[in-house]
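Asks: Chains as they are written, first to last, in my numbering: chain A, 1 to 115; chain B, 1001 to 1116.
Careful: at least some of the hints might be erroneous.
Heads up, simulated SDA-like pairs for lysine to any residue below, C-alpha to C-alpha not over 25 Å straight-line [to be verified]: (1) A:Lys77 <-> B:Gly1040; (2) A:Lys22 <-> B:Leu1039; (3) A:Lys49 <-> B:Pro1008.
Computed list of chain A residues with no C-beta within reach of chain B, every gap over 12 Å [as the list claims (entries may be wrong)]: (4) Gln6; (5) Thr20; (6) Leu48; (7) Asp54; (8) Phe63; (9) Thr110.
Interface residues of chain B toward chain A, partial, derived using beta-carbon atoms under 10 Å [unchecked claim]: (10) Val1004; (11) Ser1007; (12) Pro1008; (13) Ser1033; (14) Tyr1035; (15) Gly1040; (16) Gly1042; (17) Gly1056; (18) Phe1060; (19) Pro1061; (20) Phe1064; (21) Cys1091; (22) Glu1104.
If you are wondering where the hints come from, they were derived from the structure by calculation, not from laboratory data. Just so you know, even glycine gets a beta-carbon here, dropped at the ideal spot from N, CA and C.
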Amino acid sequence: AQSVAQPEDQVNVAEGNPLTVKCTYSVSGNPYLFWYVQYPNRGLQFLLKYITGDNLVKGSYGFEAEFNKSQTSFHLKKPSALVSDSALYFCAVRDIGGNDYKLSFGAGTTVTVRA
Amino acid sequence: ETGVTQSPTHLIKTRGQQVTLRCSSQSGHNTVSWYQQALGQGPQFIFQYYREEENGRGNFPPRFSGLQFPNYSSELNVNALELDDSALYLCASSLAGRNANTGELFFGEGSRLTVL
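All chains, please: the whole structure from these sequences, using the hints.
Replies: Put into structure tokens, the structure is as follows:
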């Protein structure tokens, strides 16, 4: 079984401040980890992924995420948030040993960046 | 844009009716997955199609069914609609097989279904 937890329903930051969105995961084997962003009434847009290699992954729009195997976490970060980063963020996991591409998503974290 | 297109974008049905949602996958992708996203929740996996066969299914009843066509496009059919079926239905495409990428899914904009 695989699952994701996003412990914060909402994150509020001021523009220019660092942004962190938390994610922890559970898989039976090794994980593929993903972050997606969703704007109102839109589909999901891919931000970044961890497959293997460096624990710090860089993605689109200045976002990065750090994989921590011992803490089973994959927190999303951005050094300086923009108002346009306000959206709904989803963490997702897939078990590498799985036979399909099923992703298990967290419940999402709403990010609000105030000017 | 991902190149994944879905239709219709919005539709309204009544309880007991049937609905068909359509998806065209991104060029070069041979696998299509469907997800249901209820209001305020994360997407939930319905099923996946590869080479025109279902090869993975989530916790959804049999009245949720699908098809994949030789051109890799796909349909999601839901029979005997219930109020709780109201949601955004997302289609995602990917590439499976020997030259597979690392499992990244490319999502369409979704079809928003309202059941009255």
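Asks: Each hint: holds or not?
Replies: These are the hints, each one checked on the structure:
Our distance criterion of 25 Å between C-alpha atoms is met by Lys77 (chain A) and Gly1040 (chain B), whose separation comes to about 23 Å. For the given pair, Lys22 (chain A) sits about 21 Å from Leu1039 (chain B) by alpha-carbon distance, which is consistent with the 25 Å threshold. Of the pairs offered as hints, the one joining Lys49 (chain A) and Pro1008 (chain B) is violated, with about 30 Å between alpha carbons and a cut-off of 25 Å exceeded. Not every CB of chain B is more than 12 Å from the CB of Gln6 (chain A) (nearest about 8 Å), against its label as outside the interface.
Remark: the non-interface label on Thr20 (chain A) is consistent with the geometry, its nearest Cβ contact in chain B lying 19 Å away (cut-off 12 Å). With a minimum CB-CB distance of about 10 Å to chain B, Leu48 (chain A) fails to clear the 12 Å threshold, and the non-interface call is violated. The Cβ of Asp54 (chain A) sits about 14 Å from the closest Cβ of chain B, beyond the 12 Å cut-off, so the non-interface label holds. The Cβ of Phe63 (chain A) sits about 15 Å from the closest Cβ of chain B, beyond the 12 Å cut-off, so the non-interface label holds.
Not every CB of chain B lies more than 12 Å from the CB of Thr110 (chain A), the least distance being 10 Å, so the non-interface label is violated. A hinted interface residue such as Val1004 (chain B) counts as satisfied when its beta carbon comes closer than 10 Å to some beta carbon of chain A; here the least separation is about 8 Å, so the hint holds. About 13 Å separates the beta-carbon of Ser1007 (chain B) from the nearest beta-carbon of chain A, more than 10 Å, and the hint is not met. Violation of the interface hint for Pro1008 (chain B) is found here, the shortest Cβ-Cβ separation to chain A being roughly 14 Å, above the 10 Å cut-off.
Interface hint at Ser1033 (chain B): satisfied, since its Cβ lies 6 Å from the closest Cβ of chain A, which is below the 10 Å cut-off. With 10 Å as the threshold, the beta carbon of Tyr1035 (chain B) comes within range of chain A, its nearest partner Cβ sitting at about 8 Å, so the hint holds. About 8 Å separates the beta-carbon of Gly1040 (chain B) from the nearest beta-carbon of chain A, less than 10 Å, and the hint is met. With a cut of 10 Å, the hint placing Gly1042 (chain B) at the interface with chain A holds, because the nearest CB-to-CB distance is about 4 Å.
Because the beta carbon of Gly1056 (chain B) sits about 3 Å from the nearest beta carbon in chain A, less than 10 Å, this interface hint is met. Interface restraint check: Phe1060 (chain B) against chain A, minimum CB-CB distance 12 Å, threshold 10 Å, status violated. Residue-level restraint check for Pro1061 (chain B) is violated (minimum Cβ-Cβ distance to chain A is 18 Å; threshold 10 Å). Annotation: interface hint on Phe1064 (chain B) violated; nearest CB of chain A at approximately 15 Å, more than 10 Å.
About 9 Å separates the beta-carbon of Cys1091 (chain B) from the nearest beta-carbon of chain A, less than 10 Å, and the hint is met. At about 6 Å, the closest approach between the beta carbon of Glu1104 (chain B) and any beta carbon in chain A falls short of 10 Å, and the interface hint on this residue holds.
Hints 3, 4, 6, 9, 11, 12, 18, 19, 20, counting from the list given before, are not met by this structure.
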